[in-house]
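J.: Sequence:
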Amino acid sequence: MAFNNDFDTQLKIWLAWYGLTSIGLVVCRSCIRIGAGWLRNHGYNKRMVAVAGDLAAGQMLMESFRNQPWLGFEVVGVYHDPKPGGVSNDWAGNLQQLVEDAKAGKIHNVYIAMQMCDGARVKKLVHQLADTTCSVLLIPDVFTFNILHSRLEEMNGVPVVPLYDTPLSGLTAC
Numbered sequence: 001m002a003f004n005n006d007f008d009t010q011l012k013i014w015l016a017w018y019g020l021t022s023i024g025l026v027v028c029r030s031c032i033r034i035g036a037g038w039l040r041n042h043g044y045n046k047r048m049v050a051v052a053g054d055l056a057a058g059q060m061l062m063e064s065f066r067n068q069p070w071l072g073f074e075v076v077g078v079y080h081d082p083k084p085g086g087v088s089n090d091w092a093g094n095l096q097q098l099v100e101d102a103k104a105g106k107i108h109n110v111y112i113a114m115q116m117c118d119g120a121r122v123k124k125l126v127h128q129l130a131d132t133t134c135s136v137l138l139i140p141d142v143f144t145f146n147i148l149h150s151r152l153e154e155m156n157g158v159p160v161v162p163l164y165d166t167p168l169s170g171l172t173a174c
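Read in this note's numbering, the sequence shown has 67 at position 67, and its numbers run on one by one without any break.
Rather than coming from a laboratory, the hints here were simulated on the basis of the structure. Among these hints, one or two may not hold up.
[Stated by the list, open to error] No more than 27 Å apart at the CA atoms, straight line, and that leaves these computed lysine-lysine pairs for BS3-like: (1) Lys83 <-> Lys103; (2) Lys106 <-> Lys123; (3) Lys46 <-> Lys103; (4) Lys123 <-> Lys83; (5) Lys124 <-> Lys106; (6) Lys123 <-> Lys103.
[Stated by the list, open to error] Distance ranges between label pairs, derived from CB positions: (7) Trp38 <-> Asp81: 36 to 44 Å; (8) Ala56 <-> Leu20: 46 to 54 Å; (9) Lys103 <-> Ser64: 22 to 30 Å.
These numbers come from a predicted model, not from an experiment. The beta carbon of each residue, even a glycine, is placed where N, CA and C say it ideally should be.
Please work from the sequences and hints to get the whole structure.
T.: Structure representation (structure tokens):
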């Protein structure tokens, strides 16, 4: 009785399919990434972003956008009320200027990076930006929560920050 090598043939076909498919996925993904980068370098598919407020988290987000141009975000600047110590090089105006620029269509995304004590100003800004076409995103003042060693959680779709919590959580916690 001769040895049947159908298993070897099927294994070779499967390995060839796996290799070619993997290479094809990498090539397609690379072409998409290179094409999107080329389009963004030529001014297509760019989103103009601005940061409202002067929190360090907003500055870090702005720097990450600048360091990763292939993401397609172009930073307009930071908008906040001038401080007595002066303004940074990224300062583009006060909050009223931000609202005017957003209404003029110069900004696509606004990231609000203000302290928690500025809640009334945040509400006012969000209300003023409500009738614009830009997306408004909030960067929470997590420094306050980092002091307390907190973490972000979600309860039924609502983000919550536990201020005081038991260190034990999970299925086996009492």
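J.: With a cut-off of 27 Å on the C-alpha distance, tell me whether Lys124 and Lys106 pass.
T.: Holds, at roughly 20 Å.
J.: Given the hinted pair Lys123 and Lys83, is their Cα-Cα distance within 27 Å?
T.: Judged against 27 Å, a Cα distance of about 21 Å means the pair holds.
J.: Has the given pair, Lys46 with Lys103, been kept, meaning a C-alpha gap of at most 27 Å?
T.: 18 Å, holds
J.: Is the straight-line distance between the alpha-carbon of Lys123 and that of Lys103 27 Å or less?
T.: 17 Å, holds
J.: Holds or violated: the 46 to 54 Å window for the beta-carbon distance between Ala56 and Leu20?
T.: 48 Å, holds
J.: Please work out if Lys83 and Lys103 have their alpha carbons no farther apart than 27 Å.
T.: 25 Å, holds
J.: Is Lys106 within 27 Å of Lys123, Cα to Cα?
T.: OK: Lys106 and Lys123 at ~22 Å, within 27 Å.
J.: In this structure, is the beta-carbon distance linking Trp38 and Asp81 contained in 36 to 44 Å?
T.: At 39 Å between Cβs, range holds.
J.: Using the beta carbons of Lys103 and Ser64, state whether their distance is inside 22 to 30 Å or not.
T.: Check passed, 27 Å falls within 22 to 30 Å.
This entry satisfies every hint, going by the numbered hints stated previously.
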